[in-house]
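Undergrad: The residues making up each chain are set out below.
2 protein chains.
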Amino acid sequence: MLIKSDLSAANIDLCYNNSMEKKISDKVINRLTLYHCILSDYIDKKIEFISSKQIAQLLNIDDSQVRKDINFLNNSGKNRVGYIVKELKISIEKTLGFKKNKKAFIIGAGNLGTAIANYGNFKDYGLNILSLFDNSPDKIGKIINGMEIQDIKNLPNIAKKEDADIAILTVPARFAQSTADFLVKSNIKYIWNFAPVVLSVPPNVQVWNENLMGNFLQFTYDI
Amino acid sequence: MLIKSDLSAANIDLCYNNSMEKKISDKVINRLTLYHCILSDYIDKKIEFISSKQIAQLLNIDDSQVRKDINFLNNSGKNRVGYIVKELKISIEKTLGFKKNKKAFIIGAGNLGTAIANYGNFKDYGLNILSLFDNSPDKIGKIINGMEIQDIKNLPNIAKKEDADIAILTVPARFAQSTADFLVKSNIKYIWNFAPVVLSVPPNVQVWNENLMGNFLQFTYDI
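Chains as they are written, first to last, in my numbering: chain A, 1 to 223; chain B, 1 to 223.
Treat the hints with care, since some could be wrong.
Since copy identity is lost for identical chains, a pair holds within one copy or between any two.
As the list claims (entries may be wrong) - Straight line, CA to CA, 16 Å or less: simulated EDC-like cross-link-like pairs of lysine to aspartate or glutamate: (1) 103 to 222; (2) 78 to 163; (3) 46 to 87; (4) 53 to 63; (5) 189 to 222; (6) 94 to 222; (7) 160 to 63; (8) 100 to 124.
Please keep in mind that the hints were generated in silico from the structure rather than gathered at the bench. These figures come from a predicted structure and were not determined experimentally.
Model the full structure from these sequences, guided by the hints.
TA: Here is the structure:
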């Protein structure tokens, strides 16, 4: 298990550490996920073949980039009319380890936690959200998309029992640090932090800041 | 107004276009936003000075990187004990254009739309969310964090009247494309897409895919 940077806002990861240990860069991973999204849509529409040009057009990128990315995969399903949609989808899944089945908890059953619980396709990508946790008696016991909202007090025991160490932190900003402290005590090792707060954690815990504001500012910087 | 790539998942933006037109890279923008987050926290705690080392430690990055990023800013507030927190915060805000006041709408008043409406600090970053839109009679007319949920039918008129062209798309995946088509007809020019779907839009419309799954996979690729 690598100790990665605990910064890792979406697009900062690769630039200063562990780049040598990774086979595929974050940028490629992110693009492959979008290709996977397109392929799922093609399968729904019963379309059998797809060209790098079609993918490139949908994403407004260069088709040589698409071909280069696909070369990372051990994908042999290509013929004159393009890539075989089903095979290319499986190649991406194998390469990105979608089937690894990572167990996680959502911490905070508010709107954001509920939205993530309902997001739908996390399971397809190997993210197995076991349950939500909250401290509100009004919420505890309720079921969201088949997952129970449990009492946050029980997190240490349940995390141990399930051998799960990923937490998706969706509490309001003002509770984020104290909740993170509790997650650390509960033996959580990976925190996917949606709160707009930079958390202070020990070096053996990794935090990935979703940093929505940073993403927004990148988008709108020059408009 | 630049026509940027309509891909632009958080970390893919800079690599294939417009990099020459940007003064600051996406990576730096993202880091500066995190520094801003730390500085806000220091101001709350009434701490006057901060060193590059303190920032670097909180983010688990190199302090030379922090100093390099701060050199992008026209920040003069530095002395022996470190940067002046208040001045550094203002420098970041000026550089990133936080005060530009971009008007936006949230499309879809479900859990995710509500969570974003309640996210709290968007306004500090110059994102002025005017209202939410939905098609559900149960939701229309309700107030979320001071913003009204309006009937989606009225979007074209309201967008024109407010001269607003940014939409934050938070509808379920299965409605994302049809909603995007309606946004395009309503003269929306920028779509911040949270649905796990690659949208097809005309070239004069930019889509920024939040791509949560791609972000998650980057985080967990090597664990």
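Undergrad: State for each hint whether it applies.
TA: Verification of the supplied hints:
Proximity of residue 103 and residue 222 under a CA criterion of 16 Å is satisfied inter-copy only: 15 Å between copies versus 39 Å inside one chain copy. Proximity of residue 78 to residue 163 under the C-alpha cut-off of 16 Å is found in neither arrangement, the shortest distances being 40 Å within a copy and 47 Å between copies. In the homo-oligomer, the alpha carbons of residue 46 and residue 87 lie at most 16 Å apart inside one protomer (14 Å), although the nearest pairing across protomers, at 57 Å, exceeds that limit. In this assembly of identical chains, the alpha carbons of residue 53 and residue 63 lie at most 16 Å apart only when taken from the same copy (5 Å versus 42 Å across copies).
Within a single copy, residue 189 and residue 222 get their C-alpha atoms only as close as 37 Å, which misses the 16 Å cut-off; across copies the closest is 14 Å, which meets it. Proximity of residue 94 and residue 222 under a CA criterion of 16 Å is satisfied inter-copy only: 14 Å between copies versus 37 Å inside one chain copy. Taking CA atoms no more than 16 Å apart as the test, residue 160 paired with residue 63 passes in neither setting, with 46 Å inside one copy and 36 Å between copies. Taking the shortest Cα distances, residue 100 and residue 124 sit within 16 Å of each other inside one copy (11 Å), while across copies they are farther apart (39 Å).
In summary, the numbered hints that this structure violates are 2, 7.
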